[in-house]
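Undergrad: Guided by the hints, dock chain U onto chain E, whose structure is given.
As you go down the protein sequences, you meet chains E and U in turn. Everything in the first sequence is counted per full-length UniProt numbering, starting at 1 for the first residue and increasing by one. Everything in the second sequence is counted per full-length UniProt numbering, starting at 1 for the first residue and increasing by one.
Warning: the hint list may mix true and false statements.
Computed list of lysine-lysine pairs in DSS-like fashion (alpha-carbon distance at most 27 Å, straight line) [said to hold, decoys possible]:
(1) U/K328 with E/K9
(2) U/K94 with E/K12
(3) E/K96 with E/K147
(4) E/K99 with E/K126
(5) E/K45 with E/K126
(6) E/K45 with E/K71
Chain E is nowhere near these chain U residues, computed Cβ spacing over 12 Å in every case [said to hold, decoys possible]:
(7) A23
(8) E27
(9) A32
(10) M75
(11) K84
(12) E120
(13) N153
(14) M215
(15) L306
(16) I338
(17) L340
Source of the hints: derived by calculation from the structure; they are not laboratory data. Ideal placement from N, C-alpha and C gives every residue a C-beta, glycine not left out.
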Amino acid sequence: MSYFSEIYKGIKTLLTGMSVTGKYFVTSRKGAITQQYPDNRDTLKMFDRFRGEVIMPHNEENEHRCTGCQKCEIACPNGTIEIIWDRGIDEATGKKKKKIDQFIYHLSMCTMCGLCIDVCPHDAIKWGQNFENSVYDRSTLTRVLNKPGSTLMQGVED
Amino acid sequence: MMQLRITENVHNWLFSVMPEGVASIVEMVLIAVVYLTIFAVAGLFLVLLERRVAAWFQLRIGPNRVGPQGLLQTMADAIKLLTKELTGTERADKFLYNLAPYFVIITALMALAVIPFSAEFHAFDINIGLFFLIAISSIGVIGILLGGWSSNNKYSLIGAMRSGVQTISYELSVGLSLLTMVVITGSLQLSEIIEIQKSGWLILQGHIPAVIAFMIFMISGTAETNRAPFDMVEAESELGAGFHTEYSGMKFAYFFLAEFINMFIISAIAATVFFGGWLSPFGITESIPELGVFWFLLKTMALVFLMMWFRWTFPRLRVDQLLTLEWKYLLPINLVNIVLMALLVWLNLTIRL
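One chain only, chain E, in its complex shape (with noise of 0.2 Å):
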């Protein structure tokens, strides 16, 4: 008898794999998952979780949250990033501290493994959603994270 039952269960099987299909095949128009790019380009937003590219977010008085650490240098695989750094004097405490000048990230030789902003102790650097990376000159592809004249944020360190 047990013939008998495969029989019916295989193709009790077969049809709930056709009615899935078949739900997709008639909500395809709704939920079609395909971006026409270049046609979409102002609409387009990437997915959180996208890696694009290293960024370093600003908030609105010019100030970032990099310490100058170099944690993100040394974990870096293949030495991506390079940060040129200075000793300048604490306003608050008069003291000679550590701050970055530059921090250069080489988008051209990235391999997106992420491990730079695992290692961030401040969350100074985070993944950018831009994917629209091709240029005609790769130097352009070398690029200085920090804004020019930013500053570190208060409270970051403490």
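TA: Showing chain U alone in chain E's frame:
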């Protein structure tokens, strides 16, 4: 011969201006040209349909750039394939290698000639029509075997051998499920099979065994055309492209078109034998015989869609699963089904409207 009113006029005109022998040859050539056109147009249309339907099943959009709604996409593809270089492998068996695509495409064309598109649009109405179709559809596999063998490529050979195994097995089921219906009709002639269905489509007349026969026919027909889930012949993930790995350009296109035409033929046979061919449902347009082509194509396309639905739902079978399905399930069920159908006809339990 075709006896549409337009063609009848052409027929009379040809015989009035030419001697009889010349006129009949010219007529044959004209019919051949018409069928070749149908072949090409239907093939291209089915490829496009397959791509759009596949896209919708997978929540994509599909080709929509060339022409309105991508209607010219396959035309553009065909032109591209025409202009491509014909390459071949070293030490391939050149003669067989070049012959193989024609085997496949000519058998598909010959099968197309027997199918009744409507009451008058029927090129070749022989009294053994169904038998002829079964016989012809199994010759196509020789083309596949030749192509795989002569390519001098192990993947092609494996694909071709799998095709041999598959077709020899499923041939039985195709034949026996059609035979089940022949028990009711008592005729192999396709026009007569349709004539009988004027008192109810065969799937209604034969009810339970007819439905079983239809299911078996669709399963084994899908296997016969080497489409997923029975596409071990091509099996992209295992064999490259299977038997046509080494073909390029137009020769590849022949295989490709023939595959889709075969799908059309299997659906057309199913529509003719089970769903009344060009007959309208309940005879609603019986007074307008020109609509026969429409009803025939509607039924055929519905079955083509069913085969596409299969393809984009089910995962590919292993070779042993394929053979188990045929020899342990389809064949015994089929044999019992024939006996059941014979009993039904003997005891006069068929439903006639």
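Undergrad: Once the closest CB in chain E is found, is it more than 12 Å from U/N153?
TA: For U/N153, whose nearest Cβ neighbour in chain E is about 34 Å away, the distance exceeds 12 Å, so it holds.
Undergrad: For U/E27, is the shortest beta carbon distance to chain E beyond 12 Å?
TA: holds (44 Å)
Undergrad: Does U/L306 really sit off the interface, with its C-beta more than 12 Å from all C-beta atoms of chain E?
TA: Its Cβ does come within 12 Å of chain E, the nearest being 9 Å, so this is violated.
Undergrad: Would the hint linking E/K45 and E/K126 be met if the CA-CA limit is 27 Å?
TA: holds (17 Å)
Undergrad: Regarding the assertion that U/K84 does not contact chain E, is the least Cβ-Cβ distance greater than 12 Å?
TA: Non-interface label on U/K84 holds, nearest chain E Cβ at 28 Å vs cutoff 12 Å.
Undergrad: Given the hinted pair U/K94 and E/K12, is their Cα-Cα distance within 27 Å?
TA: Violated. U/K94 to E/K12 sits at ~48 Å, over the 27 Å cutoff.
Undergrad: Does U/M215 really sit off the interface, with its C-beta more than 12 Å from all C-beta atoms of chain E?
TA: violated (8 Å)
Undergrad: Evaluate the condition: distance from the CB of U/M75 to the nearest CB of chain E exceeds 12 Å.
TA: Consistent with the label, U/M75 stays out of reach of chain E, its closest Cβ about 21 Å off (over 12 Å).
Undergrad: Is the Cα-Cα distance between U/K328 and E/K9 27 Å or less?
TA: Holds, because 16 Å separates the two Cα atoms, which is no more than 27 Å.
Undergrad: Compare the distance between the alpha carbons of E/K45 and E/K71 with 27 Å, and conclude whether the hinted pair is satisfied.
TA: The hint is violated at about 31 Å.
Undergrad: Evaluate the condition: distance from the CB of U/E120 to the nearest CB of chain E exceeds 12 Å.
TA: Given a closest Cβ separation of 36 Å, the condition holds.
Undergrad: Would U/I338 pass as off the interface with chain E, using Cβ distances and a cut of 12 Å?
TA: holds (18 Å)
Comparing the model with each numbered hint stated earlier shows that hints 2, 6, 14 and 15 do not hold.
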